[in-house]
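**Q** Each chain, letter by letter, is given below.
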Amino acid sequence: MTVLVDAATKVVVQGITGHQGTVHTKQMQLFGTSVVAGVTPGKDGATVEGVPVFDGVAEAVRATGANASVIFVPAPFAKDALLETVDAGIRLAVVVTEHIPFHDMLTMYHYARFHDCRIIGPNCPGIAAPGAAKVGIIPNVVFAPGRIGVISRSGTLTYEIVNGIKEVGLGQSTCIGLGGDPVVGTSFVDALPLFESDPGTDVLVLVGEIGGTAEEEAAAYIRDHFSKPVVAYIAGRSAPPGKRMGHAGAIISRGRGTAESKLTALREAGCEVATFPYEIPALVAAQAARIARR
Amino acid sequence: MVKLAEWQGKAIFRTYGVPIPRGHTASSAEEAEALTRAGTVPLPCVIKAQVLAGGRGKGGAIQFASTPEEAGAAARRILALAFQGEPVRTVLLEEKLPIAHESYLAITLDRTLRLPIVIASAAGGVEIESVADASIVRIPVHPFAGLAAYERRAVARALGLTGPAARSLDALLGALWRIFLEEDAELVEVNPLAQVGDGLVALDAKVIIEDDATFRHPQYAEVRDDRTPLEEIAREKEIAFVQLDGDIGVIANGAGLTMATLDVLQQFGGRPGIFLDLGGTDDPAKVTEAFLLMAKARPSAVFLNIFGGVTRCDTVARGLVEAMKQVPPGDRFPLVARIRGNNEAAGIAILREAGVTSLKDLKESVLAAVGAARDARPAVAP
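Those protein sequence lines, which keep their order, are chains A and B. For the first sequence, the numbering used here assigns the number 1 to the initial residue and increments by one for each residue that follows. For the second sequence, the numbering used here assigns the number 1 to the initial residue and increments by one for each residue that follows.
Rather than coming from a laboratory, the hints here were simulated on the basis of the structure. Wrong hints could be hidden among the right ones.
[Unchecked claim] DEER-style ranges, computed between Cβ atoms:
| hint | chain 1 | residue 1 | chain 2 | residue 2 | range |
| --- | --- | --- | --- | --- | --- |
| 1 | A | Ala63 | B | Phe144 | 24 to 34 Å |
| 2 | B | Pro329 | A | Leu83 | 47 to 57 Å |
| 3 | A | Glu167 | B | Glu238 | 29 to 39 Å |
| 4 | B | Ala346 | A | Gly32 | 21 to 31 Å |
| 5 | B | Leu244 | A | Gly32 | 40 to 50 Å |
| 6 | B | Ser66 | A | Leu83 | 51 to 61 Å |
| 7 | A | Gly42 | B | Pro42 | 54 to 64 Å |
[What the hints assert, rightly or not] In the DSBU-like style, the derived pairs of lysine-lysine whose C-alpha atoms are separated by at most 30 Å in a straight line are:
| hint | chain 1 | residue 1 | chain 2 | residue 2 |
| --- | --- | --- | --- | --- |
| 8 | B | Lys3 | B | Lys296 |
| 9 | B | Lys325 | B | Lys237 |
| 10 | B | Lys360 | A | Lys166 |
| 11 | A | Lys10 | A | Lys43 |
| 12 | A | Lys10 | A | Lys166 |
| 13 | B | Lys286 | B | Lys237 |
| 14 | B | Lys363 | A | Lys166 |
| 15 | A | Lys26 | A | Lys166 |
| 16 | B | Lys325 | B | Lys360 |
| 17 | B | Lys286 | A | Lys26 |
| 18 | B | Lys360 | A | Lys26 |
[Claimed, not checked] Derived list of chain A stretches under chain B, where covered just means 3 residues or more per stretch with a C-beta under 8 Å from a C-beta of chain B:
| hint | segment |
| --- | --- |
| 19 | 45-58 |
| 20 | 135-145 |
| 21 | 210-218 |
Glycine included, every Cβ here is placed at the ideal spot set by N, Cα and C.
So that you can see chain B by itself, here it is in the shape it has in the complex (with noise of 0.2 Å):
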């Protein structure tokens, strides 16, 4: 999924009409000094750090500023913060507003349903989790037939709008409705809703667009993510690769065998640190740069779980018989496989013949690797 700064959800909700805070981004104090200065942005003003993790009001990541001088201070003291891993390399400065009450409003996809689903309430300003089912609004929205004009006038009610607030509340949520299907997006959250005088304003967006229709949206594909610079190599060779804390490597494919792998992994006392999901690839040429990948991560041990189906043991076998080869040797680790499936005696002896054994029981061949790392770790240490 493709999360969105905040700033680059404002920037289309402007393109499709969804009324915006005054504001501009700045990525030095300077800067933002300079914007409030030349009334770019209005004061007083609130700067706050574009980053993708959220609670950022406890966190100091927001705050508010009078003079140009304070703008420019505070944006120092934000670009300094690492906010959950994340170091903070953009503000937006942007006018405060005077607001008389705060809502929620969202649209995403209800998988139960297989619907897009708005969801609103007029408790707003807080996390979504903590508002009482009751003071929440849910309404399924056909996609043939579009986000109907008595939806609209439902979430008007359901947030308590009246008069000229309910018309503006109609004409966002439909620009709303063309972000979530015009944009391929997963969400489209505004959090808070502020209601400015007659009108409202989105004071937050969220916007996540879905991975899988970035072919629609090239502009998208080069958004940065929260990936490791590994995790984003695997992203550019079509690799599903992930880094957690553990200092096992785990070679599977399919989203199910992996999960299942790392299950029984820890169960047995091992730490899953990467895990690489091959998929369902016909390619040695690509095994051979998973593993290549994979030592770049100086694992302590990889245990290599293929069930082929639509992948072959044999393609498997040789792509990592040619990865072993180019493996420098200060970065060679202890290798635990097992391959079933699909040519799988044939895939056995192209390891066999390398000097490595397939293990046929899983539990067995998690043992395995379970000690091979444990020996292994004193070597890897520094």
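Pulled out of the complex, with its shape left as it was, chain A reads as follows (with noise of 0.2 Å):
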């Protein structure tokens, strides 16, 4: 069992004729996902990578079946194409598109959120499930079929730790990309339930970062509600202290957002916390041997 992707799954790719469209178009086929169509204002009729191009997402959608759409436009268009698919009847909206400016992002996920779509992202790698389908761009040489499940803030360090987990004789169920943005289409706390309800995720692997309090966040919902073993990690245990948002950005946080609150409160949390990357194959082996010994 897989989290939000499944082999029923049919991806438009919003932006496909575009450098990173077509180049991620073939990287989704070739890990075995069913792209079905792209997208790009004024190319219809267009084929990339044996893909049929339309002019817009309704077109796609009633051509094609698509259920799932990847965003690459940029940032100043990904509002119109995120509310294009949304009105489109498309329930899964992965937004790869980075720099796109926070007041954008409320108006998209708010719009969606009222038509029951769930955005992952924006600025983020999406999500990959081995033998079922991959909407986004990570990297496909790091995974393998498996029980373990990733969630992460973070790109190219969450390559990394996965690429670690297959090292070590394991693979991954599903791994989501969240993107480290101020607004993001699905946080920590929105994804957890998903891997708690996956009968096919034995162990869950948290990656964060330093600013804001998603982790807390998380961490109180794994304590009250999430049953399967976490390793947690945070970045940014040496960045200097910095002032993002200011005074008023202070206050929300109230002390929260350092690595060492965040981690803190994962470990009261019953997480197993890695103080380096490195670490994180090893404690995931020793949690998913400990459940196999059941």
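Assembly of the complex is requested from the two constituent chains, each provided in isolation within its own frame, with the hints serving as guidance.
**A** Structure (structure tokens):
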């Protein structure tokens, strides 16, 4: 079993004729994903990697039955692309685009939520479930089928960690890169229940970063609602303290948001905490072995 | 983020109709004296350093004057200051107003709620972090509905305002909300918000514009921030580059991997000096640019830690080899490389041909980088 995507996932790529769109269409296909359509306004009738291109998402959905979208369009047009996908009836949108203004993302998030559409991202590597589908850009080589779930706010650090899990002979159920922007469509707390109810996931790896309070909220959720073992890591312990949002931001977090506060919260919630990323695979392997012995 | 100086924030306030004191900027003592003598700035007045750092009051960066001569002298003293390393280039002179009460008012983003939030407190004029939670009011605002009249009334009540002052707050808060939306602000903060007679006046203005939205607001793209000259060059070339106190340069890709790399370096005795995030680039020329920028910062050693996803390892390796040829012999530094992921084998082969070994293990490569920096340090001393 997998989370959010499965063998029935049919992907439409928004911005398919751009460099990234084309490269990752091929990579998603190689992963085994059913990429059924691409959208680039004005390029109706073209094909990219054998995938038909449409002018609009609604046309693409009508013609191909696409049920998930991955968005590569440049930041100034990303909001429009997302609204279009929601209006076309798609209920899972992975937004890879970075540098989307958070004011745009506020509109995107609340519009999608109103229509029961889940956004992953923005500025994220997306979702991959070995053996089922990949909607996003995580490199194929790091994956092997298995029973370890991964949720992360990072990009490349996620690849590194997923790869490490593979190198100790384990594999992943589903990996979701949530993105690290100020406003994300899906937070740790939003993603945790999906893994709790996924029978294909035995152990969850949570990769956080300093800043914001998403990890503290995740810790509270894990303590109260999450029954599977969690291995957690927080990047940025050595970073000099920054005040991203000035005084008003400090008020919202009230002393939370530091690596120390996150690590303490996760530890108190019963997570295994890795000090460095290279410790994660061994901690995961130990938890997996414990479950296998049951 | 684009932090605006007080006078820039107040210029926006004026445009949107937020009441501010009468005032003017000056960049010399003579100018300050002339402005007060001509009555452009009424006396008595306050003279404030235009720097981005907080806590100006305690640092002598805010002074008062009752005559043009005093205004000139105060401006001269302030313009000679460097405030937390930032030299004062401009002062703002403003009329001194009879203040009945000082409050705090701000609009920012609540990441957890994923909503804009109005923050208000009747305890203003002090650092808001020091104000007790119980005397702060927080009102989340739904972006589709906007800031409703009842929410503005709730803020007025929280600030203890009635009658004309409450009406003044209603208009002022509406204007701050429009600034937050229309200027793509991360933060619009007024502290203190002063009650003067029956009305309200913004005595200070702190506006931060979101970097990612400057494509809609080209006027903010040029605002000088607290970046070093090298950081400024990096910004122009769209490379994330940050200078710290140490001497080891780190080139990585992605914020998370960069931070994790710094964590490990620090743990094993390395002092990260410069870090440079390539992001997801597919362009060897950009890698070369980044590497040459790193050379300019004169690190004692460089640790390159790349996990190729979008970025291909052979692209990075090719850019790196090209850059190494271009670095002048006097600026060369030891390089420890670790490149993994997409096209790893090809990347490692290119590096090997150029005489650079790529290590596989993170801890091992960090130890090598720390050792290389230690060995190189005496040679760097002039």
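**Q** Tell me if the beta carbons of alanine 63/A and phenylalanine 144/B are separated by a distance inside 24 to 34 Å.
**A** 32 Å Cβ-Cβ, so the 24 to 34 Å window holds.
**Q** Is the Cα-Cα distance between lysine 325/B and lysine 237/B 30 Å or less?
**A** 20 Å, holds
**Q** Could you tell me whether the CB distance from glycine 42/A to proline 42/B stays inside 54 to 64 Å?
**A** Check passed, 59 Å falls within 54 to 64 Å.
**Q** Are the Cα atoms of lysine 360/B and lysine 166/A separated by 30 Å or less?
**A** Distance ~15 Å between lysine 360/B and lysine 166/A Cα, so the pair holds.
**Q** Lying within 40 to 50 Å: is that true of the beta-carbon distance leucine 244/B to glycine 32/A?
**A** Once the Cβ atoms are compared, 43 Å apart, the range 40 to 50 Å for glycine 32/A and leucine 244/B holds.
**Q** Quick one, are lysine 26/A and lysine 166/A close enough, alpha carbons at most 30 Å?
**A** The hint holds at about 23 Å.
**Q** Given the hint of 51 to 61 Å, is the C-beta distance from serine 66/B to leucine 83/A inside that range or not?
**A** 58 Å, holds
**Q** Holds or violated: are the alpha carbons of lysine 3/B and lysine 296/B at most 30 Å from each other?
**A** 27 Å, holds
**Q** Can the restraint linking lysine 363/B and lysine 166/A be considered satisfied, given a maximum Cα separation of 30 Å?
**A** 18 Å, holds
**Q** When you take the CB atoms of proline 329/B and leucine 83/A, is the distance between them in 47 to 57 Å?
**A** At 56 Å between Cβs, range holds.
**Q** Check, residue by residue, whether the segment 135-145 of chain A contains three or more positions whose beta-carbon lies closer than 8 Å to a beta-carbon of chain B, and give the verdict.
**A** Our answer is that it holds, as 5 residues pass the Cβ test (under 8 Å) against chain B, meeting three.
**Q** Straight-line Cα separation of lysine 10/A and lysine 43/A no greater than 30 Å?
**A** Cα-Cα ~20 Å, so holds.
Consistency note: the structure conflicts with earlier hint 19 alone.
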